[in-house]
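Given chain V, work out where chains C, F, S, H and P should sit, using these hints.
Taken in sequence, the protein lines are chains V, C, F, S, H and P. All you need for the numbering used here is the position in the first sequence, starting with 1, plus 320. All you need for the numbering used here is the position in the second sequence, starting with 1, plus 320. All you need for the numbering used here is the position in the third sequence, starting with 1, plus 320. All you need for the numbering used here is the position in the fourth sequence, starting with 1, plus 320. All you need for the numbering used here is the position in the fifth sequence, starting with 1, plus 320. All you need for the numbering used here is the position in the sixth sequence, starting with 1, plus 320.
By construction, these hints were calculated from the structure, which means they are not laboratory data. Please note: incorrect hints may appear among the correct ones.
Okay, the calculated beta carbon distance ranges per label pair [stated by the list, open to error]:
1. V/354 with F/535: 36 to 42 Å
2. C/452 with S/528: 24 to 30 Å
3. F/322 with C/516: 57 to 63 Å
4. F/418 with V/369: 46 to 52 Å
5. C/452 with V/489: 31 to 37 Å
6. F/354 with P/405: 43 to 49 Å
7. C/425 with H/537: 57 to 63 Å
8. H/321 with S/477: 50 to 56 Å
9. V/469 with C/452: 30 to 36 Å
10. H/346 with P/337: 33 to 39 Å
11. C/425 with P/337: 34 to 40 Å
12. V/406 with C/322: 47 to 53 Å
This one's a predicted model, so the numbers in the text were calculated from it and none came from an experiment. Note that CB positions come from ideal geometry on N, CA and C, so glycine has one too.
Protein chains: 6
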Amino acid sequence: MKVVVSIGGSVLVPEPSGARVAEHADVIEELVADGCRVGAVVGGGGVAREYISAARDLGANEIELDQLGIDVTRLNARLLIAALGEDAVTAPATTYDEAGEALRRSDISVMGGVAPAQTTDAVGAALAEYVDADLLVYATSVPGVYSDDPNETDDATKYDRLAANDLVDVIAGLEMNAGASAPVDLLAAKIIERSGMRTIVLDGTDPDRIARAVRYGDHDGTDVIP
Amino acid sequence: MKVVVSIGGSVLVPEPSGARVAEHADVIEELVADGCRVGAVVGGGGVAREYISAARDLGANEIELDQLGIDVTRLNARLLIAALGEDAVTAPATTYDEAGEALRRSDISVMGGVAPAQTTDAVGAALAEYVDADLLVYATSVPGVYSDDPNETDDATKYDRLAANDLVDVIAGLEMNAGASAPVDLLAAKIIERSGMRTIVLDGTDPDRIARAVRYGDHDGTDVIP
Amino acid sequence: MKVVVSIGGSVLVPEPSGARVAEHADVIEELVADGCRVGAVVGGGGVAREYISAARDLGANEIELDQLGIDVTRLNARLLIAALGEDAVTAPATTYDEAGEALRRSDISVMGGVAPAQTTDAVGAALAEYVDADLLVYATSVPGVYSDDPNETDDATKYDRLAANDLVDVIAGLEMNAGASAPVDLLAAKIIERSGMRTIVLDGTDPDRIARAVRYGDHDGTDVIP
Amino acid sequence: MKVVVSIGGSVLVPEPSGARVAEHADVIEELVADGCRVGAVVGGGGVAREYISAARDLGANEIELDQLGIDVTRLNARLLIAALGEDAVTAPATTYDEAGEALRRSDISVMGGVAPAQTTDAVGAALAEYVDADLLVYATSVPGVYSDDPNETDDATKYDRLAANDLVDVIAGLEMNAGASAPVDLLAAKIIERSGMRTIVLDGTDPDRIARAVRYGDHDGTDVIP
Amino acid sequence: MKVVVSIGGSVLVPEPSGARVAEHADVIEELVADGCRVGAVVGGGGVAREYISAARDLGANEIELDQLGIDVTRLNARLLIAALGEDAVTAPATTYDEAGEALRRSDISVMGGVAPAQTTDAVGAALAEYVDADLLVYATSVPGVYSDDPNETDDATKYDRLAANDLVDVIAGLEMNAGASAPVDLLAAKIIERSGMRTIVLDGTDPDRIARAVRYGDHDGTDVIP
Amino acid sequence: MKVVVSIGGSVLVPEPSGARVAEHADVIEELVADGCRVGAVVGGGGVAREYISAARDLGANEIELDQLGIDVTRLNARLLIAALGEDAVTAPATTYDEAGEALRRSDISVMGGVAPAQTTDAVGAALAEYVDADLLVYATSVPGVYSDDPNETDDATKYDRLAANDLVDVIAGLEMNAGASAPVDLLAAKIIERSGMRTIVLDGTDPDRIARAVRYGDHDGTDVIP
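The following block holds chain V by itself, in its conformation from the complex (with noise of 0.2 Å):
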């Protein structure tokens, strides 16, 4: 079985710390040890944040920012190389062939950000599609896909299974709404759409949630359904 985990920044390094990056890289050597082929692309969380910032107040423009965030979260890859030991590949992979590469030897990849105006959410979706993974998970800050921004609207609904089609317009309107955030980005539910990939969202703050996922289907958050 493929599967390729996009653990998002502020969930794997809520601030520069080992812990939960220990964690994840448990899950991800036992998914190996149950003879999973792991890919994993991580975000940028808030020291990526916080460099942004520093750079937007010196007049950098948002494909410079997005430079910014993607060497941190190369920064973040490193940390869960280190955690995961002689399983992983050295270092961050930069390209997709090269992590499709280290997947097609049953190595373990890592990968950060690939190019500005892509989010790792969205690289998470590409990296699936281009090794054909079976699943694809997004360990992220929310439990889920909900109707709505789930810290803005009190009525937002949890959704337990949604289409693949039905994801996109859902991401679509919440990216209408200025003020929502939504836990996956328009490119990625858009590339999960065509790849016709079953994807689960779910939340990861305990990474164990992404172990049981994974073998048994059993999880909290939302099936997308191909």
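Just chains C, F, S, H and P now, with coordinates in the frame of chain V:
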């Protein structure tokens, strides 16, 4: 004045032939002679479509197809570079840093695609944002932004002027409509909106239109107003 | 057994289409299933010729044209990689070190051109020499090595067997004759001679001929004897 | 006049914020306006320490930690580049060749770390030596070179002037003393000694001190005399 | 068991000739046959000294000289790779990540220098630390660590055993003494000390000594005890 | 005027020493002072031969030997760069694009070899063709093109003038004769023929001859006439 010109693949290279490329190169050189700094981004066109179709038949996934498409855009970029002679850097830029560095030194930079899951429309907008361009011109195969796909709908009307946030809405609407094609994609529209760049979408089959639009603001396409 | 297969561009991709590529991929996979280690080198073919002709019209010099040609060979290499699936490394090798490293690990490596002023015929021979291949097969659009260009001269006779030093003389003779075309170029012939590799030149339009030649030494082309 | 300014991470980015970076960029631009060619080398600071501490907890070894540290220095370099605008090359240099090439063309080059087991102090000295700089300035968090660590020892005395070979001895002595920290490391001191470069070590928390030191030789730090 | 062998340039390539290289390759292959994973780091030797001397006469500075020296170490690495055949990766590693990746896959990795202002002694120690080697062996042109330079001082005594922190002191002492040369440099000694790796310094002119030292701990050099 | 100077390795670096290199650098700088744009290509010479001989003894094949040879040419290129100071780019170009980019910016570019199975003779011709050079000068260890190898045959006569297509014939004849050596190789001759470049082959042991030939067309070698 800093200008980014995004030239559609089927506009620049309807089939692999030098004629159209030479005309586009002439226009770019005129703009440089006028004192402009110019970055060009070129698309894939028919050859890209042929390779992508062949690879899809062979079982390639969308990310692999994008990779092929990027390679063809760089072939097209090399054609344009050949026509530009010593005014342009000798090889296509593959990152925004590299393209930006060339423009910083007042050289003409030519790019194709940058990363999978990102069109050259979006690369054009991102490069324009990265170099803080004064103007972004899309030389496409349709004469501007329409309310609907003019090839599909008789009463599609062309916008002469359009606010950037309205552009996002129009493109989002077109993308929802599976049959319709849009002159620029949604990511490009969003970058245009956030960056507040002046943008012109025009019919690039006659390259002189680009020169007139840049010099005098005179064109029959669509003005996107920040 | 280590085999390098050099597949002419017009043999592999007469036009950008997957059909012929799939057949070649099948043959390579059969050889791998038989226990062979296989390196493939692919040429540029018709698309290369079209781009080169366009760039020549734009004033490009021969080295720039070669650069374009190399880019097209790598496109073709990506097509073959797509057809080979997980047996092949994910991206075309661009140096002999990289291709050799893949073969060392028993992966299939696919290359296009390496540097200007060097055909993929020569790359095939050089890769074969680099990896100490047991056999080098040229899958070309002519059925073997002839005393003269069979398209130009009626009494051109095909050699069933040819010593490597005689191959050099025959090719040198053909190259002196401006109108004639040779199945492999002079540099390739010289590498074959110096390396003492067994080499077969055959008509590759039916890829099964490659399999039969590798497995049983059975073919209608020309055997070049060290 | 060619100047290399080595700015400590905690001096440039006490926390990820643009304020201090902008002041340092202003000083560099003033020096350029005066006709100087400037290369800047920046350190890692607090964010580097946080990541390194997290990775150490995860079992990373010192070389992996250095790798992380280098990545953070390049983030900081991107901040400084953002603040410098079009005077600086668009991306951090990662080799001396690349940085030297930028200075040769009278561009501002910004570097972070180069390789594990080598501090940015040493990179600053090496870059200065490589470009045959007239002056090397260390903008550190201490006001100069002391006979002992001023934070540890009350009677530590600051040197106003120090011969380069004495600098080596002082730093070697400090490094032997486990508790003490030195304003530049031993490798940097040795490079300064062998190259015979004029060097100033000063408190960089107020960036104007750098400008005054370069322009008038006026500062409260330590002059290292070849 | 993971072993890093650092072979001095004048030990491996006293002059450019294959004889000594073949013997060292045999020893490495024996160790691999015994089940060891081996990383090798090779120095520059006589050819490096000749080039460096020539470049110094031409006005090159020390960093440029180091760059030349690194290039020669990679030439020597290619010689060793040629002798190792298919057991080693096909090209010298130029970063610790790359070398570590090869060892992770149980391939032999061969490195030369990494960056200016860092000897291959230090690269050997850094690679050993990076891959968490069980043993680091320096095959040098002197028979171990001495209290003083044995070529300069008659009563220099060899240490059979030395604590790592004492190694740092001894080397620091030797480096202070301008005329003396040390078997490993100070940075290497410090990395050995901090990493707590078992290290052996021995006379590598007879490569079999390396094999005996690794297999049986039997040697006439110096044991550095963590 | 654009000039490419191809300097044989045994002409530039008969042994690794700076004397001859300095003289060649002086000539190049004089030409630049005269207003020429200059690209230099340097060969391997004696050190290349020593390394190649050592590697051949170790069982390396010809492609691996070429790789070693290329590395030595880049060492020699670094020597020439050191002697040229700030007029030349800081590092050897490794592709035609890179070298061409330097010449486009009126910098001196220095190259060694580019790819295996291609001599620096051919690189010189290819670079000259790529940059549309007005003149290509081969500074070799023989005084021009002879009807036969002058070291082998007493009645070998030197050509003062030779049409480019006759050059191809002469060189082809020499290459057929196993014992003879030619001042440029066949591929170089063919590139010279097809490109229609004026070319001079002369004895480069006295570098002033290059300056006189470029400035006044005055030399004792062979003029190759397009």
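Comparing the hints with the structure gives:
The supplied range of 36 to 42 Å is met by residue 354 of chain V and residue 535 of chain F, whose beta-carbon atoms lie about 40 Å from each other. Checked against the hint of 24 to 30 Å, the pair residue 452 of chain C and residue 528 of chain S passes, with Cβ atoms roughly 28 Å apart. Our hint of 57 to 63 Å for residue 322 of chain F and residue 516 of chain C holds, since their Cβ atoms are close to 59 Å apart. A C-beta distance of roughly 38 Å is found between residue 418 of chain F and residue 369 of chain V, which places it outside the suggested range of 46 to 52 Å.
Distance hint for residue 452 of chain C and residue 489 of chain V: a CB-CB separation of about 35 Å, consistent with the stated range 31 to 37 Å. Checking the proposed 43 to 49 Å range against residue 354 of chain F and residue 405 of chain P shows it is violated: the Cβ atoms sit about 59 Å from each other. Between residue 425 of chain C and residue 537 of chain H the beta carbons are some 60 Å apart, a value that agrees with the proposed interval 57 to 63 Å. Roughly 51 Å separates the CB atoms of residue 321 of chain H and residue 477 of chain S, a value that falls within the hinted 50 to 56 Å.
Checked against the hint of 30 to 36 Å, the pair residue 469 of chain V and residue 452 of chain C passes, with Cβ atoms roughly 32 Å apart. A beta carbon spacing of about 35 Å between residue 346 of chain H and residue 337 of chain P agrees with the range 33 to 39 Å that was offered as a hint. Taken as a hint, the range 34 to 40 Å holds for the pair residue 425 of chain C and residue 337 of chain P, whose Cβ atoms sit roughly 37 Å apart. A hinted range of 47 to 53 Å holds for the C-beta pair residue 406 of chain V and residue 322 of chain C, which are about 49 Å apart.
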